[in-house]
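Trainee: Listed below are the residues making up each chain.
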Amino acid sequence: MTRPDGPAVVIIGVGNTYRHDDDAGPAAVRILRRRALPNVTLAITDGEPTRLLELWSGADLAVVIDAVHNDPARPGRLHRVDVDRPVVAPRQRSSSHGLGLGEAVELALALDRMPRRLVLLAVEGAAFSVGQGLTAAVSRSLNRVVELVVDEVARYTPAPG
Amino acid sequence: MTHRNDRSLRVGALSRVEGEGAMHVRVRNGEVADVQLEIYEPPRFFEALLRGRSYLEPPDITARICGICPVAYQMSACQAIEDACEVSVDERIQALRRLLYCGEWIESHVLHIYLLHAPDFLGYQSAIEMAADHRDLVERGLALKKLGNDIMEVIGGRAIHPINVKVGGFFRAPAPAELRPLGERLLQARDAAIETVQWVAGFDFPDFHHDHEMLAMTTPGRYPIESGSLISTGGLAFPASAFEDHVVEEQVPHSTALHAHLVNRDHYLVGPAARYTLNSASLSPMAREVAHDAGLGEQERNPFRGIIVRAVEVVYAIDEALRLIDGYQPPAPAAIEVPPHAGVGYGITEAPRGVLYHRYELDAAGLVTSAKIVPPTSQNQASIEHDLTEFVSTRLSLPDDQLQWECEQAIRNYDPCISCSAHFLDFTVERS
Numbered sequence: 001m002t003r004p005d006g007p008a009v010v011i012i013g014v015g016n017t018y019r020h021d022d023d024a025g026p027a028a029v030r031i032l033r034r035r036a037l038p039n040v041t042l043a044i045t046d047g048e049p050t051r052l053l054e055l056w057s058g059a060d061l062a063v064v065i066d067a068v069h070n071d072p073a074r075p076g077r078l079h080r081v082d083v084d085r086p087v088v089a090p091r092q093r094s095s096s097h098g099l100g101l102g103e104a105v106e107l108a109l110a111l112d113r114m115p116r117r118l119v120l121l122a123v124e125g126a127a128f129s130v131g132q133g134l135t136a137a138v139s140r141s142l143n144r145v146v147e148l149v150v151d152e153v154a155r156y157t158p159a160p161g
Numbered sequence: 001m002t003h004r005n006d007r008s009l010r011v012g013a014l015s016r017v018e019g020e021g022a023m024h025v026r027v028r029n030g031e032v033a034d035v036q037l038e039i040y041e042p043p044r045f046f047e048a049l050l051r052g053r054s055y056l057e058p059p060d061i062t063a064r065i066c067g068i069c070p071v072a073y074q075m076s077a078c079q080a081i082e083d084a085c086e087v088s089v090d091e092r093i094q095a096l097r098r099l100l101y102c103g104e105w106i107e108s109h110v111l112h113i114y115l116l117h118a119p120d121f122l123g124y125q126s127a128i129e130m131a132a133d134h135r136d137l138v139e140r141g142l143a144l145k146k147l148g149n150d151i152m153e154v155i156g157g158r159a160i161h162p163i164n165v166k167v168g169g170f171f172r173a174p175a176p177a178e179l180r181p182l183g184e185r186l187l188q189a190r191d192a193a194i195e196t197v198q199w200v201a202g203f204d205f206p207d208f209h210h211d212h213e214m215l216a217m218t219t220p221g222r223y224p225i226e227s228g229s230l231i232s233t234g235g236l237a238f239p240a241s242a243f244e245d246h247v248v249e250e251q252v253p254h255s256t257a258l259h260a261h262l263v264n265r266d267h268y269l270v271g272p273a274a275r276y277t278l279n280s281a282s283l284s285p286m287a288r289e290v291a292h293d294a295g296l297g298e299q300e301r302n303p304f305r306g307i308i309v310r311a312v313e314v315v316y317a318i319d320e321a322l323r324l325i326d327g328y329q330p331p332a333p334a335a336i337e338v339p340p341h342a343g344v345g346y347g348i349t350e351a352p353r354g355v356l357y358h359r360y361e362l363d364a365a366g367l368v369t370s371a372k373i374v375p376p377t378s379q380n381q382a383s384i385e386h387d388l389t390e391f392v393s394t395r396l397s398l399p400d401d402q403l404q405w406e407c408e409q410a411i412r413n414y415d416p417c418i419s420c421s422a423h424f425l426d427f428t429v430e431r432s
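Just so you know, the protein sequences line up as chains A and B, in that order.
Take the first sequence: its position 106, counting from 1, is numbered 106 in the working numbering, and each next residue is one higher.
Take the second sequence: its position 66, counting from 1, is numbered 66 in the working numbering, and each next residue is one higher.
Don't take every hint at face value.
Restraint-style ranges between C-beta atoms, simulated for each label pair [as the list claims (entries may be wrong)]:
id, chain 1, residue 1, chain 2, residue 2, range
1, A, Thr-157, B, Gln-299, 15 to 23 Å
2, A, Arg-85, B, Arg-158, 38 to 46 Å
3, A, Thr-135, B, Gly-221, 30 to 38 Å
4, B, Gly-183, A, Gly-131, 40 to 48 Å
5, B, Asp-293, A, Leu-78, 52 to 60 Å
6, B, Phe-203, A, Pro-86, 25 to 33 Å
7, B, Pro-239, A, Pro-86, 28 to 36 Å
8, B, Arg-53, A, Leu-37, 31 to 39 Å
9, B, Pro-399, A, Arg-85, 29 to 37 Å
If you want the ones that stay clear, here's a sample from chain A, every Cβ over 10 Å from chain B, calculated [what the hints assert, rightly or not]:
id, residue
10, Tyr-18
11, Pro-38
12, Arg-51
13, Leu-111
14, Arg-117
15, Ala-126
16, Val-130
17, Ala-137
18, Arg-144
19, Leu-148
20, Glu-152
21, Ala-154
I should point out that these hints are in silico values taken from the structure, not numbers from a laboratory.
Predicted, not measured: the structure shown is a model, and the values here were computed from it.
All C-beta atoms, glycine included, are put in the ideal place defined by N, C-alpha and C.
Assemble the whole structure, with the sequences as input and the hints as a guide.
Mentor: Dropping the structure here:
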C-alpha cells in the first residue's frame, strides 16, 4: 500500500493555536522541528479529515499528537494508542470540530488509506477556550511528548550499520 | 408524540457544518414560536487581538480564524490595509491573488459538496458511510479537493494558513514552471468537476424557496472573487467603504454573534447562490453551459439546490485558474512597498461562503487602532433562522429526531462556517 514516493515517517501535530491547550500538538511539532529528525516529515494541521488522509497516505509510520478533553481531566496526562480501528463511536460525532481524527481514521479505513502504522499521542488539556498559550501542566508535558515521538521513530527506524 | 401541540427541540450538536453552534426551536400551540441559532464568535476576539499590532500582521493573524477559508481572511485583510495605506497592487499581483483564491474555492466547495452535504441527499449519516458504498465518488471528491490544496500550497507556501501572502503582494512569486503542472492537472480535473455538477443536479430537492434580498460582489467582466464592489437583488450598489452604511449588526440575546441586517431593509443572504444570482452572466462559457444543463436558471432561490451552485463554482474556479496560469507573468517585484499611513481602510472579497468584510484603522506608525471583521455566516444568520422557521412550520408532524435531522440538513444548505462566526451548535426543539 505504501507509495514509493510517500514519506516513510510523518509526525502530525493537530490543533488550533488560538484555543489554549488545543495547541499541544502543534507546539510539540514546533519543538521537534528544532530536533531535526532525519527522514521524518513534520506537519501541523487542524485535524480536517481529508488533510490528515493526505498527510499520512502512503506513510509507513504516522504519529499524530492531539490534545484531548477528559472528564475528570488530569491536564498533561499522556495517552498512547495504536490506532487500527475507528477511535470514535459514530454517534459521538457532533460537528466538524468533531469531524477530526476519528472520522479521518474511519474514512481512511473505508478508502484503504491508512498508514501502515498509526500511533496517537493524546495530551489531556485543561483549557480550550479562545486564547493563546498552553496551561502550565500541558506545557510541562511537551518534553515527554517529544521524547515519546523520538522513541517511536527510533523503534521504527533501524539504526545504521 | 408527533401530535403534541407544544414542543421544544434542541439539537445538541449539529453535525457536518464547519465548527459548532446551537439551534433551538420552540413550538407553541402547534405553531413555530421561535427559531434561534445560538453562536459564539471568535472574530470579536480577533478584533481585540489585532489592536496595537503592526499593520503587517492582520493577514497572518486573521487567517487563523478559519482553517477552511484562510485565504479569504488574508485577501480581505490585505485589501483593507492597502486601502488604508493608499496603495494599489498591480495587475500581476492581483492575478496571483485570484489564482490562490481559486484554490481555496475549489478546496472549500469540494469539501462541502462531497463530505458534508451529498450524504444528506443520498440518505447517509456521513461521508464515511457514503464512502463504503460509493468509494469512487468520494475518491473523486478527494482528488478534486487535493488539487485545490495543491494550488494553495504552490502559491501560498502551504495549504492551511498560507505563509507566502503579505501586505502588498507575496514574499515570493512562483516561477511559471512551478504552475505548469497545476495547469495540466486542472485540465483533467475540469471533467471531474463537470461530472460533479451532473451528479448533484440529479439529487432530489425539497420544494422550498426564499425571497431574501441577496448581496454579492460584482467585478467588471468577471465573476467576483477577490475584488469589486457590492450589489444586491434589491438594487443596492456600494463600495466596500460604504459597507457599514448599509449593513448594521445587532446584538441578539441568544448569540454572541451579531445579527446583520440591511439598513432600512431586512435580513439578507450572501454566498454562492447570491453570487450566482447576481453574476451568472459573468461565469466562463463552460461553467454557464454546465449550469444551464444542470437546470439552474437566472436566479437560484431554493437553498437545497445550493449544492449545484457550489459545484458550478468549482467548474468556474478551475476554468479561471487555467486562464490565470495560462496568462501568468510573475509579478516583479513580488510585492509592492507599503509604507505605514494613518487612515481607515476597507476590504471585501468573496469567501467561499460569501462576502467577507474587513475594516482597519491605523495610526501614523502603522499600528492597528481598531479592527472590524464581518464574516459571511453571521450575515446569513438571520436569514437562516427565517428559513428554518418556514421549514419547520411545514414539518411539525415529524417526530423530533426526524425533524432534527431535516433541520440539520436545512442548515447545511448554507454551509455555515460556524468556526468563523461561532462555536458549539446544540440543537433543541421545545414543544412545551
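Trainee: All hints are to be evaluated individually against the structure, with a verdict given for each.
Mentor: Outcome of the hint check:
no., hint, verdict
1, Thr-157(A) x Gln-299(B): 15 to 23 Å, "violated, 59 Å"
2, Arg-85(A) x Arg-158(B): 38 to 46 Å, "violated, 31 Å"
3, Thr-135(A) x Gly-221(B): 30 to 38 Å, "violated, 53 Å"
4, Gly-183(B) x Gly-131(A): 40 to 48 Å, "holds, 43 Å"
5, Asp-293(B) x Leu-78(A): 52 to 60 Å, "holds, 55 Å"
6, Phe-203(B) x Pro-86(A): 25 to 33 Å, "holds, 28 Å"
7, Pro-239(B) x Pro-86(A): 28 to 36 Å, "violated, 50 Å"
8, Arg-53(B) x Leu-37(A): 31 to 39 Å, "holds, 34 Å"
9, Pro-399(B) x Arg-85(A): 29 to 37 Å, "holds, 33 Å"
10, Tyr-18, "violated, 5 Å"
11, Pro-38, "holds, 22 Å"
12, Arg-51, "violated, 7 Å"
13, Leu-111, "violated, 6 Å"
14, Arg-117, "holds, 21 Å"
15, Ala-126, "holds, 17 Å"
16, Val-130, "violated, 5 Å"
17, Ala-137, "holds, 23 Å"
18, Arg-144, "holds, 27 Å"
19, Leu-148, "holds, 25 Å"
20, Glu-152, "holds, 24 Å"
21, Ala-154, "holds, 28 Å"
Checked against the numbered hints given earlier, this structure breaks hints 1, 2, 3, 7, 10, 12, 13 and 16; the rest are met.
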